[in-house]
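Q: The primary structure of each chain is shown beneath.
Protein chains: 2
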Amino acid sequence: MLTDIKQSIQSFQLLEDGHVTSPKGFTAGGVHTGLRKAALDFGWIHSIVPAAAAGVYTLNSFQAAPLKLTKKHVDTAQQIQTLVVNSGNANSCTGEDGMKKAQATAELVAKEKGIEAHLVAIASTGIIGVPLPFAPIEKGIQYLNDPLCQKAENFERAILTTDIETKHLAIEMEIDGKKITIGGAAKGSGMIHPNMATMLGFITTDAVVDSKSLEQALKSTTDQTFNMITVDGDSSTNDMVLALANGTQNNQTLTQEHPQWTKFLQGFHYVCKTLAKSIARDGEGATKLIEVEVVGATTIEAARAVAKTVISSNLVKTAMYGSDANWGRIISAIGYSKQKIEPERIKVAFGHIPVVENGMGVPFDEEAVMLILVKDELKLTIDLQQGDCSATAWGCDLTYDYIRINSSYRT
Amino acid sequence: MLTDIKQSIQSFQLLEDGHVTSPKGFTAGGVHTGLRKAALDFGWIHSIVPAAAAGVYTLNSFQAAPLKLTKKHVDTAQQIQTLVVNSGNANSCTGEDGMKKAQATAELVAKEKGIEAHLVAIASTGIIGVPLPFAPIEKGIQYLNDPLCQKAENFERAILTTDIETKHLAIEMEIDGKKITIGGAAKGSGMIHPNMATMLGFITTDAVVDSKSLEQALKSTTDQTFNMITVDGDSSTNDMVLALANGTQNNQTLTQEHPQWTKFLQGFHYVCKTLAKSIARDGEGATKLIEVEVVGATTIEAARAVAKTVISSNLVKTAMYGSDANWGRIISAIGYSKQKIEPERIKVAFGHIPVVENGMGVPFDEEAVMLILVKDELKLTIDLQQGDCSATAWGCDLTYDYIRINSSYRT
Chain S
1 MLTDIKQSIQ
11 SFQLLEDGHV
21 TSPKGFTAGG
31 VHTGLRKAAL
41 DFGWIHSIVP
51 AAAAGVYTLN
61 SFQAAPLKLT
71 KKHVDTAQQI
81 QTLVVNSGNA
91 NSCTGEDGMK
101 KAQATAELVA
111 KEKGIEAHLV
121 AIASTGIIGV
131 PLPFAPIEKG
141 IQYLNDPLCQ
151 KAENFERAIL
161 TTDIETKHLA
171 IEMEIDGKKI
181 TIGGAAKGSG
191 MIHPNMATML
201 GFITTDAVVD
211 SKSLEQALKS
221 TTDQTFNMIT
231 VDGDSSTNDM
241 VLALANGTQN
251 NQTLTQEHPQ
261 WTKFLQGFHY
271 VCKTLAKSIA
281 RDGEGATKLI
291 EVEVVGATTI
301 EAARAVAKTV
311 ISSNLVKTAM
321 YGSDANWGRI
331 ISAIGYSKQK
341 IEPERIKVAF
351 GHIPVVENGM
361 GVPFDEEAVM
371 LILVKDELKL
381 TIDLQQGDCS
391 ATAWGCDLTY
401 DYIRINSSYR
411 T
Chain X
1 MLTDIKQSIQ
11 SFQLLEDGHV
21 TSPKGFTAGG
31 VHTGLRKAAL
41 DFGWIHSIVP
51 AAAAGVYTLN
61 SFQAAPLKLT
71 KKHVDTAQQI
81 QTLVVNSGNA
91 NSCTGEDGMK
101 KAQATAELVA
111 KEKGIEAHLV
121 AIASTGIIGV
131 PLPFAPIEKG
141 IQYLNDPLCQ
151 KAENFERAIL
161 TTDIETKHLA
171 IEMEIDGKKI
181 TIGGAAKGSG
191 MIHPNMATML
201 GFITTDAVVD
211 SKSLEQALKS
221 TTDQTFNMIT
231 VDGDSSTNDM
241 VLALANGTQN
251 NQTLTQEHPQ
261 WTKFLQGFHY
271 VCKTLAKSIA
281 RDGEGATKLI
291 EVEVVGATTI
301 EAARAVAKTV
311 ISSNLVKTAM
321 YGSDANWGRI
331 ISAIGYSKQK
341 IEPERIKVAF
351 GHIPVVENGM
361 GVPFDEEAVM
371 LILVKDELKL
381 TIDLQQGDCS
391 ATAWGCDLTY
401 DYIRINSSYR
411 T
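If you're matching them up, the sequences are chains S and X in order. Just so you know, the UniProt record's numbering puts the end of the first sequence at 411, numbered straight through with nothing missing. Just so you know, the UniProt record's numbering puts the end of the second sequence at 411, numbered straight through with nothing missing.
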C-alpha cells in the first residue's frame, strides 16, 4: 500500500494554516477549567452532523475509562458527533468511579449539544491513578456552545501536557470534482512508543467515507505512522487516534472500490505522518528529529522491528544528542532486534554518507558526518541487503532535559 | 530450581576479601598495554591444570571475533586453562582481520603458557568497529608469566570500561568433606540488558564438576541472575559469562546426581546473583539499585517479562531517580509487557508499603514512601494475583550522568 502511495503523484495541497476545523462542518474550541494550573485543559471538536468514525486504541492491558467508553460508542453506530478531551488527569486506574465519571461526562455533553450520548467520544491525558475532579469537567461542558470559545487553536492547546508546540495541519484535494479537506491535530511528548502512547490524534474530513473503509485506512496508516514513532519506549493507557468523516462535501462514498481511493489515502497518510513526526520532534527534552529508514528486509515486520529497535536504543539516542557518529551502537541495536540478520551484509549511512559496508566500518569524512549530525533533523539509513521490504521510524534524542522533566513529574 | 534453593539452608560462607583466585590453583593478573590511556587494559586468569569450562554468550546477531573463538574453544574439549581479556577495544565488526587477530592472540597466549591453543579463552570489551591494535596485545601477553603482575585486583580492574568499581567475591562450602571455593569477577556498566550485554562474568571453582552439569548450572543460573539485570536495554556483541572448574579439591565429581548438587548450586547462584546486582548498581550514572520482584504470575516467563519491562522503563527509572512515587508509570509498564494481565487484580508496593490494590491507587503515607525511595537500594513488588510463579529483576535509575557519559563516548 505504501508503494502504491509512493508511486502515485502527490495530488493534494497543504493549507497554510490548517486545523481540524479546516474541513467543512467542524467547529472546535477549548477553555481552562482548573484541571491544570493555568493552561487550557478542556477542548472539543464538534461536527454539524454525525460523522462516520473510526478509532485505534492503546494495546496497553490497562485501558483508561474514557478510552473504553469511546471505543464502545464508536462501535455502537460507527458515528461520533462531539469529541471532548481533557488534559491534567488521565482518568486511568480509577476503577468504577472513573467509568461513572466518563459516562457522566458523555451524558452531560450529549445534553448540552442536544445529541445522543453514544455520539460522544471522550479522551483524557495526564496523571494516572488520581480520581478525576469532576467539577472542572462540568465547568468545561458549559462552554461547549459558547461562541467566544470556538477556536481550533484553543482545542489544540487544551490537549497538550508536556508538549511544547501545538501540532496541526490540513490538506485539500479534489474527489469527484468536489473540494475535500482533511485536517488533523495531535499531542504527544513523553511515553511515546509503538502501538499508541500518551498520544492523542484527531483526524477530521468533510469527505463522505464509508466507516469500514475509514477504519481500515486508519489502521493501516497508523501502523506506518503513529505506531512508528518513539520517544522513550513507554506506551500509555490512554492513547487513541480518532478519524471523523462528516460527509458534508457530498462526494461519492469513498471505499476501496472508489477510483480515487488511493488519492484520498495518500492525503490521509500525509496528515497522519506529519502529525506523527511532529510528535517525535517534540518528545520530552528532544533537540532533534531522527528518522531511521530500514531497506532490504525480507518482510515489512522485520523492517519495522529493526527500525524501531534502533530508534528506541538509549545508547543511539544519547549518541545522536552528542552528535557522535558512533555506528557501533546502531549495529549493536540491529543485532538485538530479534530478527534474522546477516551481519556481513549490513550497510549503514548517516544522511548520504556510508559508515558501514558489509557489516564493517568504512573510512568516512568525520567533518562531513558531523555537519549531518548537528542538524535538528537527521536520517539514518540501514540496508539489510536481504530482501525488498522497507520501513521508516521516527524518534528523538535522549537529553538532560528528558531526565529533568521526568524525574519530577508528579511534584 | 529456585524454590529448591530457597528452601535449602544457606550453607556457605562469604569470604571477607574473595576473588577469582580464592579457589585453589587459579592465578590472575593484569597490566597496562596502551589500549586505554592510563588504566589497566589487559588481564588474565590461569588455572594450574585445564579446567572444565562452560560459557553463555550474547544473543546479539553480531558476535565479536573473540567471543566466536572462545565459544569454539570451549566446545572443542569443554576445557579452558588460560583466559585473557582486553578492554578499550571490542574487536567487534572487524571482519576477517578481527578473527585473525583473535586467533593470533590465542596462539601467542598458548605459546607463552606452554599449552594448546584450544585451551585459551579470549574476551574483549570497548569500542565496536575499530580494528584491534595488536602491539598492545602482544605486549600484554609478555607479562602473562611475570610474577610481579599476578594479582587478582589487577585482573578485576583490567576488564572494566566505564564501571566505577571492581566487582568480585568468593564463597566457601564443604562438599564430600572437602573445602570447595567458588570465586567470581565481572564488569558491566552501559549497554546492560537481558541476554548478556557488554557484560563479562568469570566464575572459578576448585571443585570437580562435570562439564555438562557445569553448563546446565551456568545456563539456568544466568537466566535468573545475569539475564535479569538491565541498565539501558541495549545488549552488546561481546557479552559472555565463563565458568571454570579446575577440580583441584578432588571431591566426587559434581553432577545433578551428586547428593550435594543443590548445595553447590546454591553457592554458585549466590556468586552469580551478587555479581549481577553489583553490575546493575554500577550502571552508567546510576545512583540506586532497584529490585523489581513479580509474584503471582501464571508462568516464570510472564513473571520475568513483567519484571524486565518495568525495570527497563525510562519513565520508571527517571521517577526512581527523582524519588517520585509515581506508580502510574509502573502500572503502565506492566500493561505494555505483552503478557496477559488482569488489571483489576494488580498489587504494587514500594518496599513494604502498598500503593496499588486491585489495579487502583490506595491512600499511602507519602513520607514513609519517600523514606524508601531516597535510599540507594530499593524494592518494588508487583503481585499479579494470577498464579504461583515469580521472578526478580535488577536495574538502576536513569540520571543526568547517564546522558553525560553516553553523549560523548567516542570523543
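Calculated directly from the structure, the hints in this document are not laboratory data. Accuracy of the hints is not assured; some may be wrong.
Identical copies carry no separate label here, and so any pair may be met within one copy or between two of them.
To be verified - List of simulated lysine-lysine pairs, PhoX-like, C-alpha gap at most 20 Å: (1) 68 / 340; (2) 219 / 273; (3) 72 / 178; (4) 338 / 68; (5) 340 / 379; (6) 340 / 219; (7) 139 / 111; (8) 379 / 277.
Since the model is a prediction, treat every value here as computed from it, not as a measurement.
Q: Next step is simple, just say for each hint if it's right about the structure.
A: Hint check results:
no.: 1; hint: 68 / 340; verdict: between (37 Å within a copy, 18 Å between copies)
no.: 2; hint: 219 / 273; verdict: within (13 Å within a copy, 44 Å between copies)
no.: 3; hint: 72 / 178; verdict: neither (33 Å within a copy, 69 Å between copies)
no.: 4; hint: 338 / 68; verdict: between (32 Å within a copy, 19 Å between copies)
no.: 5; hint: 340 / 379; verdict: neither (23 Å within a copy, 36 Å between copies)
no.: 6; hint: 340 / 219; verdict: neither (27 Å within a copy, 23 Å between copies)
no.: 7; hint: 139 / 111; verdict: within (14 Å within a copy, 84 Å between copies)
no.: 8; hint: 379 / 277; verdict: within (13 Å within a copy, 37 Å between copies)
When the structure is compared with the earlier hints, violations turn up for hints 3, 5, 6 and for no others.
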